[in-house]
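The listed protein sequences derive, respectively, from chains A and B. The opening position of the first sequence corresponds to residue 33 in this note's numbering, with each subsequent residue numbered one higher. The opening position of the second sequence corresponds to residue 5 in this note's numbering, with each subsequent residue numbered one higher.
To be clear, the hints were calculated from the coordinates, so they are not data collected in a lab.
Cβ-to-Cβ under 10 Å is the rule here; a few derived chain B residues that face chain A: (1) Phe-39; (2) Val-45; (3) Val-56; (4) Ala-117; (5) Ser-139; (6) Ile-145; (7) Met-249; (8) Gln-250.
Keep in mind the model is a prediction, meaning the values are calculated, not measured. Note that the Cβ used here is the ideal one computed from N, Cα and C, for glycine as well.
The residues making up each chain are set out below.
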Amino acid sequence: MRWKLPFSPWHLLLMPLALIFVLPLVQMVLTSFMSSAEINQFPPKLIPTSLHIEGYRHLFTETKALRWFANTVIVSGIAVVSHLVLCSMAGYGFARLRFAGRGIAFVLILATVMIPIQLLMIPTYLMFARIGIVDTLAAAFVPWLASAFGIFLMRQFFLGLPVELEEAALIDGCGRWRTFRSIVLPLARPALTTLAIITLLWSWNDLLWPLVAISDDSRFTLQIGLANFQGMRRTEWSQLMAGNVLATMPLIIAFLVAQKRFIATMTFTGIKG
Amino acid sequence: MAVTFAVTPRSQSAVPAKRGPRGRALRRGLTGWAFAGPATVIVVGLSIFPAVWAFFISRAKWNGISPATMVGWRNYQQLVQDPDMIAAAQHTLILTAIFVPGSIVLGIVIAVALNQKIRLIGFYRTCIFVPYVASAAATGILANFVFNPQFGAANDILRHLGLPQSQFLENQHLAIYLICLILLWGEVGFTTVIYLAALQDIPRELVEAAVVDGASRWRVFRHVTLPELRPVTIFVAVWQTITAMQLFDLIYTTTRGGPLNSTQTVVYYIYELAFQTQRLGYGAAAAYLLFIVTLVLSLGVILYGRRRGSEVF
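Could you put the whole structure together from the sequences, leaning on the hints where they help?
If you want it as structure tokens, here you go:
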């Protein structure tokens, strides 16, 4: 007779792993509702004994967190909208239209994928300083207006669409732009969703570039606001955790709501990236 | 055949000719650039042009204000002897050497586990993927809290296990390995998702045939599943190498290179050089060096994968 577990042995691996991944985030949320006295105890408590909102109150009164949040929403919002518009147009152009310089333009775009941010940040900073947009929100979002990845993603998608539908529209006298807007784009919804999610993830979580480009604390994004605030004085953990909740929850909630789409997006980055 | 047809942009032929051939070509060019132009200008203008400029900066001594002096290759010569640069390179290599294999092995193991048809699998999946959407900045701040030597949860766990308390990120011998661990926590969701998709793409007949032939579960995994995962592994290895070589966010929000410079990475050093001490030329040279090393490493991984791919095991 063989001894047998009453459940699959995989649970023995997955349960502890799941807890390791999710408990710190749970602790983050719970700690944001604790009083400072309770946080500074050892052994630490996971569950607060009473609910405190001082963390949030201090965060909103003593720092410009609401402003940072708004800035992050603006930067990411512009990044996503601009990516959707410009990359889908360019993707369509490269997939369907023939024009002088198309080949060289596309090769140049592909080449940019290799160039890392740390190489670009010094000249880009100098460039932005010269045109006077350093320390403005524009400095944070201009590099996010379009990306090689986005153009490539949309081009691949359009290459996979059959052209017959468009041809019919074109023969009926529908212009290129109208064909694109009213026939091609509605079909591209899955690719556009993928592009929107990936742009949102990357622009919302970006740290290094805004850190370089922005030093005025009313123009901070949440990420640099929190990163810089943390070192400034005696750490008040409830406040920091409240800020962390503000910085992570929008994306975590979006992830929980649209988990399938997120996972498809991550997979896509992996397979096509 | 259908695919080839779809890929060929032959729709132009269907447009009724309204003008002469030259006018049409011009119109076509304008339409093409109207579609592709804006994004192309932004992407190329914000990367090719700065990348070329960065090369000229890297051959200068410049603080960004007073006129630059061209110094040829001197910045590069100095860099390879700079003890801070060598230390930063070592830390970055340690990180890469642990993080890349770590995220591959963990990714495969977790993906295999998540591919089982057992209860609670949706719950496990969600838990394991969630940290990936949290920013590195937030992850770093959270790690400071969990690994706080005075009241952090990590020390509480050590206490329960009967182990001595630790200074964690404030211990210069331990900090870099902890950073690795924190990075894995944040990034393993990504490799897992990719491996999970790859596992689900393996044709079922392949596995079933091996089972029918009497292969044990381990042998099926070793000789059927793993070889099927190889192309994905090459991609993951390249992607994670780039992630590790360019690590900055997590360092900035946890140790800021400390204690005693023990976690200073190359990108963190570049940031300090360029934006704290205003040594733009020297910083740009370091950035170019890192770029080239990363490129060589990535190509190495790809070539190694190709060569292994041609062998049968």
